[in-house]
Amino acid sequence: MRRVYLDRIAATPLHPQVLEDMLPYLKENFGNPQSLHSAGQEALRAVEEAREKAAQLINCEPSEIFFTSSGSESNNFALKGLALAHRNRGKHIVISAIEHQSVLHSTKKLEKLGFTVSLVPVDKWGMVDAEEVQRAITKETILVSIMLANSEVGTIEPIEDIANICRSRDILFHTDAVAAVGNIPVDVKELGVDALSLAGNQFYGPKGSAALFVKKGTRILPFIDGGIQESGRRAGTENVSGIVGLGKATEIAKKEMEKRIERVKPLRDRLIKLFPQKVEHVFLTGHPKKRLPYHASFCIEFVEGEAMLLNLDMQGIAASSGSACTSRALKASHVLLAMGIDHALAQGSLVFSLIEETKSKDIDYLLEVFPPIIERLRKMSPLYTQYLEEKEK
Amino acid sequence: MIYSEKVMEHFQNPRNVGVIKDADGVGQVGNPVCGDMMSFYIKVKDNRIEDVKFQTFGCGAAIAVSSMVSEMAMGKTIEEVLEITNRSVAEELGGLPKNKLHCSNLGADALHKAIENYKERHKAEAKKKDTPDKSVDKEKCYCPYCEGPLEGMEDYCTKCEIELEECPECGKPVKKGEEKCVYCGATKVRV
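Residue numbers (our numbering), protein chains in the order written: chain A, 1 to 393; chain B, 1001 to 1191.
From the derived model, a few chain B residues whose C-beta atoms are all more than 12 angstroms from chain A:
1) D1022
2) D1046
3) N1047
4) E1071
5) E1080
6) E1083
7) S1088
8) E1092
9) E1116
10) N1117
11) K1119
To give an idea of the interface, some chain A residues facing chain B are shown, with a C-beta separation under 7 angstroms as derived from the structure:
12) E304
13) E306
14) A307
15) L310
16) H343
17) A344
18) Q347
19) M380
20) S381
21) P382
22) L383
Worth flagging that the hints you see were computed from the coordinates, not collected in a lab.
From the three backbone atoms N, C-alpha and C, an ideal C-beta is built for every residue, glycine too.
Working from the sequences, and respecting the hints, build out all of it.
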C-alpha cells in the first residue's frame, strides 16, 4: 500500500545528516558538558556549536538561546518566567484566543497566582488584529504573547505590527514560533520580539529538542532551579545529542529553506485548489494567502474528523484533525471555534501538512481515495440526510 | 490502534446503515457539540424488531457502537431490546477507550428512544422509565482530560490538577467553568 505522510505539524522525519551528527553523542562522546575533563569539554563544545547554529537561523546572539525539551516547555518558560520576573510592574497579560495549549494553560496557572489575562479575538481567517491587541493593553499589562503561525489553520500573524505596539508601550512581547521556525524565514530583529519559542521536531530535528530565544538584557526567572546549565536559567544535564541534532537541523533549514518552500508550496496550492472542486461542501480554514507554505486545512461538512482519519489511515494516509473525538479532552478545537466556525462544522476539520518528501503523486493519491471516503461517511450521516431533505423542500 | 479489532471491523463494515421511511419508531441522541449524533429507525411486528436501521455522525467508536446495537437488536422482542445497555454494547465490542465510554457510547440510548417513540405512537402505556444503564454508568466516571478514574463527585482531578464540577444536566464531572458538557453537550447557564 502507498504510504503518504501529511502530518508535518505533529512530527517531521529526522534528517539523515541530523542523525549522523547526533550518533557520536549517544555513543562515544557521552561526556557531561559541565565536567572539566576532555570528555566533558567535547560535549560542551558541541552544545555551544549548536547554540551558534540555532542563533544564526533566527539572527540572534548565541547567548540569547536557551535550550529546552519541547516547544511547550519553551512557552511555559517564557510566559511564567517573564510574568513572574516582571510582576512588580503589573499583573496583566494579553494573549490571543488561538494560542497553543501550553500558552493558554500557562496563563491559567498565572491567573491562580493573581495575574489577569485578556484573550484577543481573531477574525474568520484566524488572524489577530494588531489594533485589538492595542485595545486590550492596560496600564497593568507587562506581557503580550501571540503566536507567529497557527499549526491548525496555518495562518501567519502580523507579529511585527504587534511588536511595534508593545515596544512603544514598554511591554514584553513573546511569540510562539514553533510552527514557523525552520519552515519560513524568521528573524527576531526584524520581528522585534523579546522572546520566541522554537522546536526542532518541526523541521527535521529530533523530538525533545527545542529552544527559547530571550533578548539580551531581558529579565526572566529560571524555569528549572538547580545548576548553572543554560546560564542558570534552565538547570539539568543537557540533552547533548538532542541539542546537537537541533543545531544541525537549524543549519540545514537555513541552507535549504528557500528550495524546500519552492518545492512544497505548489503541491500544497494544488491540493487547496483541487480538493474543494472534487468534493462539495468543503471549506478551506485559515487565511488563503498568509499561511504556512506546507499547510492545507479544511472543514468537511456533515462528517466527523476521526472517522475520516481512520479511513484515510486504512488507505495509508496520515493527517490530523481538530475534531472533538480526536482530542483526548473530547472538545472541538478552540482555534476553529474562536474563528466563528460552528461546532458541527468544526467536527469535520482536517489538516494536511506536507513534508519535503511529499510527491505530486501523493497528492493525486489523496485526491483519488479521499472523496469516496467522504461520500460513504455522508451516506451514514444524519446531518447530511437532514440537509438533503431541507434542500428538497 | 486505539480501538479493538471488533470495533474496527464494525467501523469498516457497519451493519444496517440507512433510514426506514415508514418507521414505527424513531430515536435520536447526541448533538454535534459532543461530536456524536445517532438516529435509529425501527420496524416492529408482533412485539419484535423486524428491522432496524441507523445513521450516525461521529467518530469510529460511535459508528461501531451504532452498528453493534443494531445487530444486537435485530429480531429481538421489545423487552429484550430494553435489556441492552450501553455497557453491554461496549462489552460486546471488546471494550472501548475510557474517554469514549460516555460520549460515543449512546447506541442503546438511541435505540431505547426509538422504542419509546414507538410506544407513544401506539399509545401503549407510555412508561418513560429511565434506561436501566444510566445509574450503572454513573458509578464509574473518568476525568475527561487525563482519563484518571473518578468517583463522580470530586471537584478536583488529582491526576491532572483540573478543577471539576457537576454537569447540571447529566451529573457527570466536567471542567469547572466549562460552557459545554463534554458528555451530554448541555450548555450551562452561567450564574
